[in-house]
Amino acid sequence: MKKIMVFLLFSLVSTQIFPEITDPQDLLKKAEEAMYPENFFLRLSLTTEKPDGEKKVTVIETLHKKDTGSLMEILKPSRSKGIKFLQKDKTLWMYNPKSSLKKAIRLSPKGSFEGSVFSNNDIGDPDYSDDYTTVLEPETVLDHPDFKDAPCYVIKATAKNEEVPYGEIRMWVRKEGLLPLKMVYYAKSGLPFKVMTLAGYKKMAGRLRPSLITMTSLENKDTVSIVEMEKMEVRNSIPDSLFTETALTR
Amino acid sequence: MKKIACTAVLFFALHIVILLAQEYRLIGDLTFENTFHWSETGYKNILDPSDPLTGFNNWLTSAFILSTQHRFTMDKTEVFAHYGVSVNKNAEFTQNLYQAYFLFRPVDGLTLCAGKQRLNWGTGYLFSPSDKINPTDDFFDISQTGRHGGFTGITATYNPSADFTLTACLNTNQDFNHLTSNFWTDFRYAVYASLLLGELDLFTGFIYQQDEVLRPGFGFSFDLAGIILNMDASIELSNRIYYPDKAVGAPISAVTWTQQPAGQPYFSVEGGIEKIFSGEGFAIQFLVEYLYNSAGYGANQTSLFLQSVDYLVNNDPVTLQSLIFPDFTGQHYLVCTAGLEITGVLSFGNNILINIINASFLAEHSLTLMILEGIDLYARVRWTYKGQAHVEFDFLPANLSVYAGAVLHF
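As given, the protein sequences belong to chains A and B, one line each in that order. Under this note's numbering, the residue at position 227 of the first sequence is numbered 227, and the numbers go up by one with no gaps. Under this note's numbering, the residue at position 188 of the second sequence is numbered 1188, and the numbers go up by one with no gaps.
No lab work stands behind these hints, which were simulated from the structure alone. One thing to keep in mind: the hints can contain errors.
Partial list, derived from the structure: chain B residues whose beta carbon lies under 8 Å from chain A [claimed, not checked]:
{"no.": "1", "residue": "Asn1120"}
{"no.": "2", "residue": "Thr1172"}
{"no.": "3", "residue": "Gly1279"}
Ideal placement from N, C-alpha and C gives every residue a C-beta, glycine not left out.
Produce the entire structure from the sequences given, and follow the hints as far as they go.
Okay, structure coming up:
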């Protein structure tokens, strides 16, 4: 009887700690919520390391408004200073105020962001839940720099259409707190070509969030891009008018 | 005394702005450039025939060019100024205030802007329906002095959502010292609307000034599996140009002129495709764009290519002094671009602007090294091929120019 009581108590506690997840789409959304708030200001540094040890550091400020878009501006290096990107759903524009051409150039969101391992879409539109269908795979334990052996849910997300940059994404989500820890990106051919590790968890914009995101290329061995979140704030009063081409080119 | 007072007020206002600003951003660059020029027929300055270089086949130029852009942000307000100065080898100094405006967002969705500003409408590289509001973009950066200039006026932009923009513009267009008795006819008016529908970006606009401009236009851009398609078109219904008779090469005294009637339509249309391949550490760009300009250009054109309508309007033939080579209406152009950038190392670009009608072209090749932190080292070659006897690219002073320079970014 005592054993049964202990088992029931343990089951109750573990259910409280690791709430049962049955809907992978819901899990993906919760994991995304752990990465960024709905509306935010973010200053990040993006460091790309090449196999020869060369490093390139780009500092970017981002304003993101849910269901509206992302506006990014490069602060460093001086050569790229002032370049702005506007991403809205599947459209992306770039405006370089130093260029003799005073129009915004339309780009494809699938392309590389500033020559890094990240795509334009990774930086400008961090939500995947709208474009991918998800299934849960068997749970696993992941060796993670912050959480050591972390019990994880594994989500397999498959592209709903051809327009998204990745054919498939596999995401490891820590059961405690539903924190995303690792993502593997697959090309449409089915081959894995990038691995993202989310670490440096600390309290930012009201909750525990990753402050160090490492994207490793599997195509170009030893090429790594690291995003370090320098400052993140919730901003709920960003005007829509900032996310327009007219505002971008001003 | 008046100038000193104005300067003092401006100086004081600038400091107030700096003190109040929550955020101040400065971007700019300093360019040092040396250029070798060669002309087959000798240097000629259309604007100044007494230029001492006239007749020389080879000559050198050099320049320091400083460009700065200042942005002060205060809650719902922005103050922006773009200023440039250049000094040539003769220590001649030129300066340009390209833009200087005050922007205010009184409520969410409404943006008011007053001052010297640009409205960058349209999707193409060669042509925009809004060229009658702004000075035209300069794809080849031929005229470094006027390239970023805006118009002076007021704009109101309404955004009920981030996907729909409605802008109304009042372009004062004229120097206030020369306004006619009818105040309102001196202004140029424009409205513009754009709508983003998924991957389709649509816009339409309308520009009007009494007896000067009547130009509706529209266009779109669309992302087709990573290939960007674009199109812009406009109809000019108030092209009151005095076109010369079709007597090619005739002296001015033998040419008769006819002013185009109001309502006669002149079409301009461009369409292009662009593809940028970008991966880890590189980007490759390809662009092809076609332009048809029915209004054409004039042989005595002194403004940039492709915007001759702006030049010809208001030019009374009686006062024209240069040789006349009429019948340049209905021009077809093609611009092609191929470029490669290895991130943080170098970029290599090739542009060619072809006049399809007379098989002449302007080509440019550039190589930029980016291995030094914050400094670009570049070399650029620009050359023309004439095709037939007289082409608009003759308006460039040289058939071949070789540039070498350095740009310090800050």
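How the hints compare with the structure:
Given the 8 Å rule on beta carbons, the hint for B:Asn1120 holds: about 4 Å separates it from the nearest Cβ of chain A. Nearest Cβ of chain A to the Cβ of B:Thr1172: about 19 Å, over the 8 Å cut. The hint is violated. Because the closest C-beta pair between B:Gly1279 and chain A is about 5 Å apart, less than 8 Å, the hint holds.
Violated hint: 2 only; the structure is consistent with all others.
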